[in-house]
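For the record, the sequence lines run as chains S and P.
So in numbering that gives the first Met the number 0, spot 67 of the first sequence is number 66, and the numbers just go up one at a time.
So in numbering that gives the first Met the number 0, spot 151 of the second sequence is number 150, and the numbers just go up one at a time.
Quick caveat, the hints were computed from the structure, so don't treat them as lab data.
All figures in this text were calculated on a predicted structure; none of them were measured in a lab.
Misleading hints may appear alongside valid ones.
Said to hold, decoys possible - Some, not all, of what chain P presents toward chain S, calculated at C-beta under 8 Å:
{"#": "1", "residue": "R1"}
{"#": "2", "residue": "L4"}
{"#": "3", "residue": "M23"}
Unchecked claim - If you want the footprint, here are the derived chain S segments under chain P, 3+ residues with CB under 8 Å:
{"#": "4", "segment": "99 to 112"}
{"#": "5", "segment": "134 to 148"}
{"#": "6", "segment": "156 to 163"}
Note that CB positions come from ideal geometry on N, CA and C, so glycine has one too.
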Amino acid sequence: MAWWIIVLVGASAFARFARGRSPGRDDLVPTLEAAEKAGVISASQREQIVALHARSALHESGGVGWLAAFAGLFVVAGVSLLVASNWERIGPATRIGAFLLLLAGVGEAALRSRDREAAIGLPLELLWFFLPLLGIGLYVQTFQISGGDPLLAVLLWLALSAPVSWTSPRPVVPTLHIVAMVAVVFTGNFLATVGDWLAPGLSRSTLSLLDGGTFTAWTMTAALLAAIVVESLRLLPRPHRFHFVGVLPAWVLGLLCAATPFHVAHPGWLALAAISLATTWLVALGALGAGTNESSSASIAWLAVVWGLSFTWHTPDAFSGHASAGGIVLTLLVTAAAALAVLGSPSPGLGSRPGHSARSRLLMLAALGVESLYIVPIDGIPWLAGVGNNALLAVAATGLMWQGAEAGQAAWVNLGVGALLLLLVTRFLDVFGSLFASGLGLIVAGLLLAGLSLALERTRRRLLRSSDEAAR
Amino acid sequence: MRHVLRGVLALQVAVFAIWGRSLMAAYEPGAAGRKSVATVWLATEPIDPRDLLAGNYVALRYGSLDAEHAKCPKPLERDTAYVAIAPTGRRVVTSEGEVELSDAVECRTDRPPRGDGRVWIVGHRDATPGRERLVYGIERMYVSESSPLRNVRSGDVVAKVVVNDSFAPRIVGLVTTSRNTEPPR
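Construct the entire structure; sequences and hints are all you get.
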C-alpha cells in the first residue's frame, strides 16, 4: 500500500510540475505591463485584469488545493500504516464493523463537504477514494487471504471508486484514478512475475499478456485502455488531458518489447516501431487540437527516439535478432498508419503551423525513411542511419528554433535549443579525444551557435517590424 | 448528484459487509449450509517477512503439499488440483499441545466427492513458465510488527490450517514447536 501511495504522490507531483509549465498564470502580469506600455490597454484595465485573475486563481485554489491534496494523501498513508500494523488482538467482527462505520462516516462527510473549501472537501474526498483499497488490505490481513492475483484487488478498488472519480468536482481524484489504471495495465500486462514484485510467492497477473495471454486478459486490457482514454478526455482539465494519449503508443511499444505474441527482439524493427509510434502520437495530438505545451511530451518523445538512434553510427554490423510475425505485422501497420497520418494531417509534426506543414511533413517522413533502414540486413546500414539521425536531429532542432521565433512560441525555441545542445554535447563526447581537437571543435560549435542565434534574432526583428508596419 | 453518490456509498458499504460476512462464515460449521470444517497441522518453511499491501507477514512454503510430492500429473492438465492430506504419524509439541502433522497422499484434477471422510484441499496452478506449482492461498501469515514469528526459521513452526467442505484451506495460526516427537512404532 505504501508503495502505491508513493507512486501516486509522485504522479500527482509530476502532474503539478507539468501544469506549472503550462502557459498563462506566471506570464500574465509582465505581458499586461508590456501591453500597457505599448498603449494596447490602459493602467486601470491592467489593474482590473490582474485583480480578476487573482480572484480566479484563488477560486481555483492553486497552492491551497495542493496542500489539501497532500493533506489527504498523508492521512490515507497514515490509515494504511495503522491497518498494516495489524491489530491481531481485535476480532474479525470488530474490525469489519469499525471499517464499515469508518467508510460510511467518511463517505457521508465527503458528500456533505463536496462544495465547501478545498482544505476540507479534498482530504475527505481522497480518504473516501482510497478507503475501499485500505479495506481490501484489512480483509486480506484479517482473513489471511493469499495466493490470488493482487491486481484483481486493485481492480476491485478501481471499480468501487470509479463513481467518486467521475463525480468529483476537482481534478485530483480523476488524475489519481487514471494513474492507477495505467499502472495496473502496464504491471499486469508486461511484468513477468507480478508476484515477485508486488507480493512474493504469487504468479502472473490475470491481466498478463505474456506468452499469448487469455481472452479475459485481452478483454480486460481493452476495457481499461478505453476507460483511461474516456476518463482522460472527459474528466481532466485541458492542460493534462493530452498526456494520456501517450499511454496508447507506450502500450503498443510494450507489446513489442515484452514476451507477448508480438515480441520483437530485433533492434532495427524496434527502432522503426518507436519512431512510428512517436510520430503517430505527435500527429494524433495535432488532430485533437492540442496546443504547443500540451503536445510537448510527444515532441520530446520524438526527439528522444531520434537522439537515441543517433548513437548507432558506432555500429558497423547490421542489426539482427528474432522478430515474431505478429510483431513485424504490427510494426508495419503502425509505420503505415504513421506515414498516412503525416500525409493526411494539416498539422503533421513538430512545431507545425499553417505555412510550415510541408517542412514538418518532410521531416517526419524522412525520419520514418531513415529508421526503416535499420531493418535492412546489410552491414554498414546502422552506421549510415546513425549519421542520418544526427542530421535529422540537427535539422529538427534548427527548424523548431526557426519556426518558434517566427511564431513567437518560446516553447519551440527552448525545445530546439535543448535538442541541439544535447546533440552537440553527445557528439563531442563521442568524437573528440585529444584536448587540441576538442578545443577546435568547441570553438567551431560556438561560432555556429552564435551564427544561428544572430539569424534567429534578425528573423524576430524582421517579424516585429513587419507587424508594426501592418498595425500602422 | 448527492443521491447518486449516497447510493454509491451504500453499495460500497454493502459490498464490504457481504464480503466480510461471507469470509467470517466460510469456516463456521453450520453456517451457510456448511457441514464440516477440518483442522490439520502442516510442517512449513517460513521465508523472510515482507512489508507490503496489508502489513507484515511471514511467507510460507509447504514442501509436503508440493505438486511433485503429492504425485500430481505433470504437467497439470487443469488450473486446479485437489490434494488429499492425511496424518503422517509424526507428532510435534506446540504451545497448543501435542499435534500430529499431515502430509499429501493423493492428487486429482477432478473434484472429489464431499463427505468421503478424507481431507481434500484445492490448489491453483501457478502457470509461470519454468516453475509450475500449486498455490493454496495459505502461503502467507500476516503478523503484527512486534511478532516474534517474523524471526522464526525453518522447522521452528507448524501451520494450523482449517479446511471447509468446499475444500478451501485457510491458515489460522503459525505455532512454534518446542520439540519433535518420533512417530509411534
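Quick rundown of the hints versus the structure:
no., hint, verdict
1, R1, "holds, 6 Å"
2, L4, "holds, 5 Å"
3, M23, "holds, 6 Å"
4, 99 to 112, "holds (count 6)"
5, 134 to 148, "holds (count 13)"
6, 156 to 163, "holds (count 3)"
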